[in-house]
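Undergrad: Between the sequences and the hints, there should be enough to build the whole structure, so can you do that?
There are 2 protein chains.
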Amino acid sequence: MRAEELKGHLDAMLLAALEGGPRHGYAVIEALRAGTGGRLDLPTGTIYPALRRLENAGLIAGSWSVVTGRRRRYYRLTPAGQRALAGRRADWRDFAATVSAVLEGGPCPDPA
Amino acid sequence: MRAEELKGHLDAMLLAALEGGPRHGYAVIEALRAGTGGRLDLPTGTIYPALRRLENAGLIAGSWSVVTGRRRRYYRLTPAGQRALAGRRADWRDFAATVSAVLEGGPCPDPA
DNA sequence: AGCCTATACGTAGGGACGCTACTTATAGGT
DNA sequence: ACCTATAAGTAGCGTCCCTACGTATAGGCT
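Top to bottom, those sequences are chains A and B. This note's numbering numbers the first residue of the first sequence as 1 and each following residue consecutively. This note's numbering numbers the first residue of the second sequence as 1 and each following residue consecutively.
Since the hints were made in silico from the structure, they are not lab data. Every residue, glycine too, gets a C-beta built ideally from N, C-alpha and C. One or more of the hints may lead you astray.
DMTMM-like mimics (lysine to aspartate or glutamate), calculated; alpha carbons at most 20 Å apart, straight line [claimed, not checked]:
hint, chain 1, residue 1, chain 2, residue 2
1, B, K7, A, E5
2, B, K7, A, E104
3, A, K7, A, D41
4, A, K7, B, D94
5, A, K7, B, D11
6, B, K7, A, D91
7, B, K7, B, D41
8, A, K7, B, E5
9, B, K7, A, D94
10, B, K7, A, E4
11, A, K7, B, E104
12, A, K7, A, E55
13, B, K7, A, D11
14, A, K7, B, E4
15, A, K7, B, D91
Covered stretches of chain B, as calculated for chain A (at least 3 residues, CB under 8 Å) [claimed, not checked]:
hint, stretch
16, 8-22
17, 36-43
18, 88-95
Partial chain B-side listing against chain A, Cβ under 8 Å, derived [said to hold, decoys possible]:
hint, residue
19, M1
20, R2
21, E4
22, E5
23, L32
24, T98
25, V99
26, A101
27, V102
28, L103
29, G105
TA: And the structure:
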């Protein structure tokens with residue numbers, strides 16, 4: 001997975017990863033890795049700033065808790081986040097259809 | 001189409017737009033617009049630098065010509081560009097499958 | 001003649017974003 | 001004592017697409 005490909009689609013996947021219930025950052029990484037058969041293995045330097053960004057945007061809400069001595073920050077989707085997720089899903093479908101039309105569609109005939 | 005979504009996928013679409021034969025920049029814009037039903041309407045400030053980038057990378061080759069008094073730069077795929085296009089197509093399929101698995105797949109069950 | 005639009009190419013600068021590399025800290029196994 | 005897994009975070013970097021602008025010709029309209 002090339003890095004540039006991901007740009008603009010990470011937020012949608014993070015929101016989707018939180019759709020099934022609150023998760024902390026490390027668990028999000030593992031959920032995405034497991035959910036994609038290992039194809040998506042994001043570094044912490046990608047995840048943690050992205051979660052902060054989503055939190056600042058009001059799409060997710062975080063809270064600290066301590067489990068077996070380790071501090072964890074659990075994030076849950078806010079109502080705005082659920083709406084954003086629905087929008088991002090629609091965006092993705094539209095985007096995927098557009099790119100597929102160009103890449104998978106036959107070569108554009110020369111209009112000349 | 002949000003801007004960030006496109007990142008990393010433009011090159012593949014430009015290569016695909018040139019697969020049917022040489023085209024100049026302005027014609028590439030129109031071909032992509034027509035091929036996607038107007039969903040992809042890229043500004044010239046996106047296309048021209050991108051074509052330069054692909055040319056510098058050796059994936060396309062450009063040559064000037066003059067048609068009805070207007071100068072045009074026609075680009076054609078190089079053999080390396082054809083190989084790159086095949087690779088990018090495979091990348092796209094893999095990427096699309098990965099994102100779809102996360103967004104369209106059911107919510108990841110809580111392992112707890 | 002004067003003006004506007006379409007055609008056609010280009011650059012400069014900026015904003016957004018994900019990654020690399022590094023730091024801090026606890027739990028548990030060898 | 002050491003190493004790995006778990007868990008969170010930051011600083012700085014590089015890439016990339018877009019906005020805004022500049023240049024020029026062809027052709028239609030008034």
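Undergrad: Any of the earlier hints contradicted here, and which numbers?
TA: none
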